[in-house]
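Colleague: So you can see what is in the structure, the chains are spelled out below.
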Amino acid sequence: MKKTLVSVILILLYGFISAKVYKPADITPVHLQDRDRYTSNPDGILSDQAVTRIDAAFRTVEDSTGVQTLVAVVGDIDPDDCFEFTHQLAEKVGVGRSSSNNGLVIMLSTGERCVQFATGYGIEGVLPDAICKRVQERYMNPHFANDEWDEGMIAGAEALKEILLKGEYYDDDGDDSDATGVLYVFLGIMLLIIGLVVAVYRKSRKCPKCGKIALKQVSISTISKHNGVKKELLTFKCSHCGFITSRNRTSYYSTGTGSHGSGPHIGGSFGGGGFGGSYGGGHFGGGGAGSRF
Amino acid sequence: MKKKSTWIIIAAIAVIVIWAIKVNNSMVTMEENVSKSWANVENVYQRRADLIPNLVNTVKGYAQHETSTFEAVVNARAKATSITVNPENMTADQLKEFQKAQNEIGGALGRLIAISESYPELKANENFKELQAQLEGTENRIAVERKNFNDEASKFNTYIRKFPQSIIAGMRGFEKKPYFEAEEGANKAPTVQF
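These protein sequence lines map, in sequence, to chains A and B. Each residue of the first sequence is one higher than the one before, starting from 1 at the first, in my numbering. Each residue of the second sequence is one higher than the one before, starting from 294 at the first, in my numbering.
Excised from the complex, chain B in its bound form (with noise of 0.2 Å):
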């Protein structure tokens, strides 16, 4: 009799422990995702700073007075390359501050582009043109990125908040992540239209 209820024990304690490896491994595959979709995010960032040299050069072309749009387009880029965030423990302060250099970007480009309403020669220029193609399509693409980033970072979230996984979340350390905020109107992205 002993013996029937040791083993029931036993085999109870090897349930929980492959659950609680089962729910382990689904978290570092979700946090993997999350930090995936991170880099997906900075990539299309970066492709936006990258974007920013040749836009200005461009513009300077024909229209060399407006220097403090100028200066405000390449100063809000330094700044905001300068920042980094790891999605392995970002903090929702950190994707704050993040969000609000990248967001400075998007301001200062939108006075850049607006210049051109005063250059017509500039706006027709083809070089020009195919710039501000490519700034709406990267502006398009962080858009994406940036809700499969929110997608990824809930699914996560929601899955180490559920009761029974949070105590193994908590055993093994996993933190909410944050998530992008929905833009105010001051700050909304520059949407570039012809």
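So that you can see chain A by itself, here it is in the shape it has in the complex (with noise of 0.2 Å):
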């Protein structure tokens, strides 16, 4: 009795120190769930106040640039090398586009107390490791050392922002991508129907005498009417060598007791803010820089 009530304490202080742990795959990246949002905050560090502004600066970076972040707010992480730790999150989270590896990864860990960026092989040149360095010791090292995170996260995420819209990056296959290629199957199905018609009415506009082109409608004629079943005879002329053929035309029409609609039904809700963004796999080489304070 004694026993397990030992080892249920046990595990409940293993479960309650190894939840303040975290490992790479512990952090959800948020913005799958939201495309606005980039910062994950689990221990609630930041305040929502500076979560937002983050995340409003790193929107407007992926807009104009494509470059990709996550931003990771922990405690004490596992393992505790940061430079280890956001190398293994970054590309366990696959943070920029495969193509272009313009990821970047920003952790903060105030247990080990440091600060780390992880740049993609695609933004090493925009964002070289001296220049990380320098936005760390200038904008947040200062404010980290008074334990002011949000604060030092704000103005870090705002002079990366800068030096990001400076930089005249830009990544070709940025957003638009994906929609680019929706763009050109759309347009094939497009064009496969509109061939399958201009077919289709060649077909039916060719003189079965001279083979041109040319068979214009002259009359129309309804034969029948029943039951939902119109039969028609519609009679051509050909305008080139002046033959007269006729067709027989069955269509269906509504007799009006099949259904009643109720007008279109607009289902699904809407709301709950932005749809999930996406990570596309990009790889990470060692770039950037950390510091502690």
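Hints were generated in silico from the structure; no laboratory data involved. All values reported here derive from a predicted model rather than from experimental measurement. Hints are not guaranteed to be accurate.
[To be verified] Here's a subset of chain B near chain A, in silico, CB distances under 8 Å, partners left out: (1) N418; (2) E423; (3) A426; (4) E429; (5) G430; (6) N433; (7) R434; (8) A436; (9) V437; (10) E438.
Using N, Cα and C, we set each Cβ at its ideal position, and we do this for glycine too.
Two chains, two frames, some hints: make the complex.
Modeller: Written out as structure tokens, the structure reads:
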């Protein structure tokens, strides 16, 4: 009895302790649920206002440069090496597009007292290590040294935004790359449909005698109309050779007893805000910088 | 009846040949990946080597007397850049030699950076700080690319040593790739921290 009690307490204690140490896999990328959010703040270290401002900064960055960001603010981390943790997190989530590796990960661990940036292969040019370091030293570390997490993160995010927007970096196959693909498929289908319509039209207008596409409809008369089935006789005259031909056409009309429609039903519920964003599997080569405070 | 068994044998041989070709091609692809990741390893080490002249010059401006440290870095660099390893037929010894030479650079750089502790002006120099940040980033890149190389080599090794692929590997002369070994305390690359 005593034994079970002790083990229950131990398990609870373990659960309590382990809940506070984050592994890279424990970080939920909130951007996937809501494309306007970038900051994972599971311990509530940052205030909601700070998160909103940081998210807004990186939304602007993604809109104008295509650079995708993930911000993680946590207490203790495992592995406790800040670079190792951040790199694993970045690779695991796959921040950035795989074609351009334009991901940026910003990690703040209040337990290890370190901040670390990880830059994807593609943005090492616009955000070199030395610049990352400078942002941390000028804008973030002075605040972090006094435990001012909100101020430091906001200042850092704003500084990164400035640099990225000024960097004239633009990822060509940015946000609309997927949309372009869809557009091409759509265009292809449209062309196919148009082609089919034209082919059917040409066939129906082909004169059986001279072979020219010159048949013109000259008259139409209804033969019968019964139980929703309408039969008509169409007469065509070839404008090239004057040949006259006629065809039957069967069509179906609504008798009014079929369905009692209630107008178009627009279902589904809107709300809950943005759609989920996506990360594209970008890779990281160890770029970025880290500092302790 | 005789005809039927002939067909069965021909079909079996065809299946085996197709399988052998597939296995061979995946080995070629995997070896190519090992070579690619080796090229990345060499790139990041080269990147570090390229930082050295700048770094030495900057430190020299503030600490002229530390000549032995400068020499150690420059010599280690010269030695390391003379070693090249061909990923196609690299041996464990070659990789060990390469790693040893690179570790010497790492150690010498660590001592060079440590000098700054006794020269506050150097420590505050913007250029030096920038180089330090670059060096730190490069050390991280080295760690990443070394791990990538080990992963690719491990994939290749596992594949070629498993039965029955091992038969094809033996016939085609594919050999096990060596790994980077975890660094021991004394050889550990400098952790540049502020």
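Colleague: Hint by hint, say whether it matches the structure.
Modeller: A quick look at each hint next to the structure:
1. Because the closest C-beta pair between N418(B) and chain A is about 13 Å apart, greater than 8 Å, the hint is violated.
2. Here the hint on E423(B) is kept, as its CB sits about 4 Å from the closest CB of chain A, short of 8 Å.
3. For A426(B), the suggested interface contact is upheld, since its CB lies about 4 Å from the closest CB of chain A, less than 8 Å.
4. A hinted interface residue such as E429(B) counts as satisfied when its beta carbon comes closer than 8 Å to some beta carbon of chain A; here the least separation is about 7 Å, so the hint holds.
5. The beta carbon of G430(B) comes within 3 Å of a beta carbon in chain A, closer than 8 Å, and the hint placing it at the interface holds.
6. With a cut of 8 Å, the hint placing N433(B) at the interface with chain A holds, because the nearest CB-to-CB distance is about 4 Å.
7. Hint status for R434(B) relative to chain A: holds, with the closest Cβ pair at about 4 Å, below 8 Å.
8. For A436(B), the interface hint holds, the least distance from its beta-carbon to any beta-carbon of chain A being 6 Å, beneath 8 Å.
9. For V437(B), the interface hint holds, the least distance from its beta-carbon to any beta-carbon of chain A being 4 Å, beneath 8 Å.
10. For E438(B), the interface hint holds, since its Cβ comes within 8 Å of a Cβ in chain A; the closest pair sits about 7 Å apart.
Taken one by one, the earlier hints fail for this structure only at number 1.
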